[in-house]
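Protein chains in written order, with the working numbering: chain Z, 1 to 362; chain V, 1001 to 1292.
Simulated from the structure, these hints should not be mistaken for lab results. Note that the coordinates shown come from a computational prediction; the quantities given were computed from them, not determined experimentally. Where hints are given, some of them may not hold.
To be verified - No farther apart than 25 Å at their CA atoms in a straight line, the calculated lysine to any residue pairs in the SDA-like style are these:
no.	chain 1	residue 1	chain 2	residue 2
1	Z	LYS347	V	ARG1090
2	Z	LYS225	V	LYS1096
3	V	LYS1191	V	ILE1281
4	Z	LYS135	V	MET1185
5	Z	LYS85	Z	PHE157
6	V	LYS1037	V	VAL1157
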Amino acid sequence: MPVTQQLYMFLRSKGFQLLVVCFAVLALIPIFITDSFFLFVFTLIFIFAIYAASWNFLANSGQGSLGHAVFLGIGGFASAIIGGKISIAIIGFLGVIQMPIGALSVLIQVSVLLVGGLISAGIGLLIGLACVRLKAWYLAIVTFGFSVIAGSLSSQFDSFTNGISGFAPTLFVPGGFPFYILVISFTVTSVAVMYLIMKSRMGLAFRAIRGNEAEAKMIGINTAKYKLIAFVISTFFAGIAGGLYVYFIRFVDNSIFSPTNSFLPLIMTVIGGLGTVSGPVIGAIFLTSVGQILTTQSVRQYLSTSLGPFFPKVGYVGPPLTYLIIGVILLVIVIFSPKGLESQFRKFYKYLITEEKGDKTK
Amino acid sequence: MDITAGTIVLTLIWGVAIGCIYMLLATGLNIIFGVMKLVNFAHGQFLMIGAYLTWAISVAAGLNAYIAILVSMALVAGLGVVIERFTFRRVLGTEKLNEIFVSLGLIYIFENAALLIWGDQSQQIVSPFSGLSLNLQSFSITYDRIVAVFVVVAVLVGFGLLIGKTKIGLAMRATSQSNGTAKLMGINVEKICMITFALGSALAAAAGGLYGIIFSFNAQTGAMPTIIAFAIIILGGLGSIRGAIVGGLLYGIAEQMATLFLGGIWSTAVAFALLIIILIIRPNGIFGEKGE
Chain Z
1 MPVTQQLYMF LRSKGFQLLV VCFAVLALIP IFITDSFFLF VFTLIFIFAI YAASWNFLAN
61 SGQGSLGHAV FLGIGGFASA IIGGKISIAI IGFLGVIQMP IGALSVLIQV SVLLVGGLIS
121 AGIGLLIGLA CVRLKAWYLA IVTFGFSVIA GSLSSQFDSF TNGISGFAPT LFVPGGFPFY
181 ILVISFTVTS VAVMYLIMKS RMGLAFRAIR GNEAEAKMIG INTAKYKLIA FVISTFFAGI
241 AGGLYVYFIR FVDNSIFSPT NSFLPLIMTV IGGLGTVSGP VIGAIFLTSV GQILTTQSVR
301 QYLSTSLGPF FPKVGYVGPP LTYLIIGVIL LVIVIFSPKG LESQFRKFYK YLITEEKGDK
361 TK
Chain V
1001 MDITAGTIVL TLIWGVAIGC IYMLLATGLN IIFGVMKLVN FAHGQFLMIG AYLTWAISVA
1061 AGLNAYIAIL VSMALVAGLG VVIERFTFRR VLGTEKLNEI FVSLGLIYIF ENAALLIWGD
1121 QSQQIVSPFS GLSLNLQSFS ITYDRIVAVF VVVAVLVGFG LLIGKTKIGL AMRATSQSNG
1181 TAKLMGINVE KICMITFALG SALAAAAGGL YGIIFSFNAQ TGAMPTIIAF AIIILGGLGS
1241 IRGAIVGGLL YGIAEQMATL FLGGIWSTAV AFALLIIILI IRPNGIFGEK GE
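Chain Z on its own, in the form it takes in the complex (with noise of 0.2 Å):
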């Protein structure tokens, strides 16, 4: 029983155990913190690290997308949508306007973001069989080129979507604290499952293919197959992502097809290092708070008093200031470190154990 044994194998590792740990960690970070700005802060920060992880296994396997915000879309659209029309059969089946409260709600609520996932993927498929010939900059304004088609197309089929004015899908489990934990147990799956994926064989090829396309069809790897392949699963990912955000939000309309929501993931992973399984997360750790700190009341408060003088032109100095700083970053990341920050800690963390040692020789 080859499977139960490689299942078994999993259970035991030192990778699962780390997950359990992460999970206990992360699910108990609420319960020392109660404030709920920081309980959005870090629920924000975990879709984010789905969407991000999802950006960094598409550009894994040589595929930078500029468009990311068409699949986050779409998983939004979709679960929001499915999610209306099953909160409705429910009322209408009950007779009543409360949401039975459970497990069943629960699963609803996980299939519906599934779904979303699963019809992100679908299109994904569609799109990356367009993209699959394109390199480097083709394939980044060809994914551009389609999220601005997507913006378009949700106008034009508008009594459909209700993209234009946006309205609030229906959430199934309870805001706050429980949300929180089904964002959290998302994301340790998915970054779990995208990191045995990058870890797989299959992964290896991705990673040929990113290092050089014409030698890893050389080989023997299929690169249309396996880009086709990378581009489905990121796209499943940066669905529920999608619907995540749109849960969580409780709001999506037209504007999440934005170029913003397209070069967030690309910012965050650039930020936190390119390839690697932490680099997405510490990446939408460093964005999310250096963003929503920009913009919390006291600090806005602050920098207009402070800044505002200088900038009479503008209401709020905040937000481009913060946009400003995030292109800097990126710059002397790209420049300095293009590794990113998972580099420098890993280099930081080589000094402390070296040091250590040097102690222990003395």
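The hints should help you fit chain V onto chain Z, whose structure is shown.
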């Protein structure tokens, strides 16, 4: 809206005028690609900066807008030199994705710096011909659009002479053919790259000035034109200047026609649909050389 022959002719002329601006932008992007093998996704931000500088100069100094364009071209060329020296040169030759990341960082920096300096309200440059238009029997067209076409032609002719007749142009063409061989022939490739980047930025600034005279613009204006310029050079072939000219005209007309027949929200989406179809059939563009 009823579509008459007059509206179609008017749309055609509009398409040509807008196409000319895109053409200028695409030519700048194209020479940078041709010589440095670099796609600067922040090229449209140079257009935006160029438009703002033209506006600021014409307002502050009371200069004629068309002369202010020249000043802003020079300033943006200087900015281009700085950007090339401190960002792109450092990642050139590493992974292709790094160039995209650097451009993205530049987009964020330029857009938000412009927002901080010039505010979030849309501006439009006032030219000597503002509000004047040429009235023909069934339609009228503003003088600014006609002048824009002539300015673009003048700039492109000057640019063509620079590439074709001067020593720097020769060096640029040599570098674009083979970087290594150009080095062996004693060409200072780094200097040529810097000049090329400055030239490309100046062309973007010229496009920006004209754009700002015809349309109103804000800090976010740069994003779409970059993508459109890229679409044009893919239509016309990377590195080919004639291709950029033909592509620019075709694109401008197609965009205006799409707006006329399908409505405003489709104007850019149709362009992308066209681009995507072309790239699916020919992954390296219409006239692009086969990679590897």
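Verification of the supplied hints:
1. Z:LYS347 / V:ARG1090: Given that 25 Å is the threshold and the Cα spacing comes to 22 Å, the pair holds.
2. Z:LYS225 / V:LYS1096: holds (22 Å)
3. V:LYS1191 / V:ILE1281: At roughly 37 Å apart (the allowed maximum being 25 Å), ILE1281 (chain V) and LYS1191 (chain V) break the hint.
4. Z:LYS135 / V:MET1185: Violated, at roughly 32 Å.
5. Z:LYS85 / Z:PHE157: holds (17 Å)
6. V:LYS1037 / V:VAL1157: holds (24 Å)
When the structure is compared with the earlier hints, violations turn up for hints 3 and 4 and for no others.
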